[in-house]
Amino acid sequence: MKYLLLIYENEQRWEKGYDPVELAEYGAFSREVGAAILGGNALKPTATATTVRVREGKRLTTDGPFAETKEQLSGFYMIDSPNLDGAIAIAAKIAGARFGSIEVRPVMTFA
Amino acid sequence: MIDLDRLCRAEWGRLLSSLIRSFGDFDLAEEALQDAFAAAVVDWVEAPPNNPCAWLFGTARHRAIDRLRERARSVTLLSELLPFDERHVQTTGENNAVPDERLRLIFTCCHPALSEESQVALALRTLGGLSTEEIARAFLVPLPTMGQRLVRAKAKIREASIPYVIPTAEELPERLSAVMAVLYLIFNEGYGASHGRERMRLALCKEATDLTRLLRELLRSRLNVASAEVDSLLALMLLHGARQGSRVAADGEVVLLEAQDRSLWDRAAIDEGSALVQRALGGGPPGSYALEAAIAAVHAESESAAVTDWAQIAGLYQRLIAIHPSPVVALNRAAAVAMSEGPAAALPLLEELAQPLAHYHRWHAARADVLRRLGRAPEARGSYERASELTQNESELRFLRRCIEELAPGAAKS
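Protein chains in written order, with the numbering used here: chain A, 1 to 111; chain B, 1 to 414.
Quick caveat, the hints were computed from the structure, so don't treat them as lab data. Fair warning: there could be bad hints in the mix.
[Stated by the list, open to error] DMTMM-like, lysine to aspartate or glutamate: derived pairs with alpha carbons at most 25 Å apart:
1. B:K154 to B:E11
2. A:K70 to A:E103
3. A:K16 to A:E68
4. A:K70 to A:E22
5. A:K2 to B:E170
6. B:K156 to A:E103
7. B:K154 to A:D80
8. B:K154 to B:E116
9. B:K154 to B:D66
10. A:K2 to B:D27
11. B:K154 to A:D85
12. B:K154 to B:E30
13. A:K2 to B:D25
14. B:K156 to A:D85
15. B:K154 to B:D35
16. B:K154 to B:E134
17. A:K2 to B:E171
18. A:K2 to A:D80
19. B:K156 to B:E30
20. A:K44 to A:D63
21. A:K93 to B:E171
22. A:K93 to B:E174
23. A:K93 to A:E15
24. B:K154 to A:E103
25. A:K93 to B:E170
26. A:K93 to B:E159
27. A:K44 to A:E103
28. B:K156 to A:D80
29. B:K206 to B:E116
30. B:K206 to B:E30
31. A:K2 to B:E159
32. A:K44 to A:E22
When you get a sec, could you build the whole thing from the sequences and use the hints?
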């Protein structure tokens, strides 16, 4: 079963660039659970985000993320795990879990 | 004549857990088991089975397979399932006929990925065999709300793939404390009765105690794990539960601990609880359930409120505060100090809690009691009045009004 792990944390932590120690942690994490990782990336800060909506056929493009929150989506992994407990165990190993939170979302499959 | 109601209550959890294990589907297992009980009502009149549990399990299994056949995509699952299932049928004997999978069920129902209220509802429905209606009544929520809650919980188990497994040794401590938190919550819901009072709520206490006892036995028999915290939780429930009969008078009034008829207390439960907590306290630093149980044991073993070792109780509360700092625990400690050292020593402890407990009726009631004993009746009256404005429990409200009436006539505000 596929799960998307969404990393939410206060992006101000990254304002002055990524901490090399923490980056090394992400590297170690990828090596440790590599077999389960199907993909993933860090995201640029929400200041770079653009939100698009289409209403009554008209495109509305606005600056910023879809919602202003205290913690922002800063990265994600797509993983494969036999069940939720496996996904939670992997999520707990992500460095961001110590500073922010990881949302674990099962991926929808269409029959 | 087999008592089906009793059988259902006693065996529901065991049968259901085995069916979920076989079919990997909560709803299918539940529907099939309901079918089996419905069939028993009719079939057993003429031909009662020698082994009712095996009959119910076998019938439910067949019903589940029938239901699966009706589903279009059942072909592969069915073929995987049948050889596995045959093993269950061949075993014989009253209890061996149905493998006991309830430990898995406990951990799945009390999975932290489910909301707390869903965990409570699922545990009562699947393990305790309570009907959705009974659970709704116990928690004072409308039946459709409770039904929805159960449907949502089962959907999350299915959609997010919450596994039907016993946690690994590494995960066990965390998961076990989550299970205990749910059982404690069920017990407190029954015991506290923060608003209104119904018989069903008392049944929650018994259900929580039974489930804790089951958890304790399954941990021992399946995992060879003896947990001092589980022992303590069971002790806590037994010791509090032992006093149930004396906490409410015939007219529905709350009876305070000091005034309870101690001959009504359940001695067997007190003895069992005391023995459990003593053993739990013997090994290692006590956790919060052990300390709470120890406090309950001191009360339960005292012949009267007057001869109770209040200093010991105050000390136990102090240790509890060290583990879980909480203004409510501090309030209990202050009340114990009022008994052991007198109201003058307790008043400053209470005043320290004025900020966090400003809207808690018990703080105002405790302060009122201390002020009354210090002879400061006008202030006591004010606190009793504030407490009665804040309480939601009608019986408590009547008690507080009585306290106000009993204050010396000279206490009227001038």
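If you draw a straight line from the CA of K156 (chain B) to the CA of E30 (chain B), is it 25 Å or shorter?
holds (16 Å)
25 Å Cα cutoff - pair K44 (chain A), D63 (chain A):
holds (14 Å)
Taken at face value, is the distance from the CA of E22 (chain A) to the CA of K44 (chain A) at most 25 Å?
Between K44 (chain A) and E22 (chain A) the Cα gap is close to 16 Å, so the pair holds against 25 Å.
Taken at face value, is the distance from the CA of E103 (chain A) to the CA of K154 (chain B) at most 25 Å?
holds (20 Å)
When you check the alpha-carbon spacing of K93 (chain A) and E15 (chain A), does it fall within 25 Å?
holds (23 Å)
Agreement of K156 (chain B) and E103 (chain A) with the hint, judged by alpha carbon distance not exceeding 25 Å
holds (15 Å)
CA of K93 (chain A) to CA of E170 (chain B), is that 25 Å or under?
Roughly 14 Å separates the two Cα atoms, so the pair holds.
Keeping to a limit of 25 Å between CA atoms, is the pair of K70 (chain A) and E22 (chain A) held or broken?
Since the Cα atoms of K70 (chain A) and E22 (chain A) sit roughly 21 Å apart, the hinted pair holds (cutoff 25 Å).
Against the 25 Å threshold, does the CA-CA distance of K2 (chain A) and E159 (chain B) hold or violate the hint?
holds (11 Å)
Please work out if K2 (chain A) and D80 (chain A) have their alpha carbons no farther apart than 25 Å.
Roughly 5 Å between the alpha carbons, so the hint for K2 (chain A) and D80 (chain A) holds.
Holds or violated: are the alpha carbons of K154 (chain B) and D85 (chain A) at most 25 Å from each other?
holds (16 Å)
Does K154 (chain B) pair with D66 (chain B) here, judged by a C-alpha cut-off of 25 Å?
holds (21 Å)
Going through the hint list in order, the structure satisfies each hint without exception.
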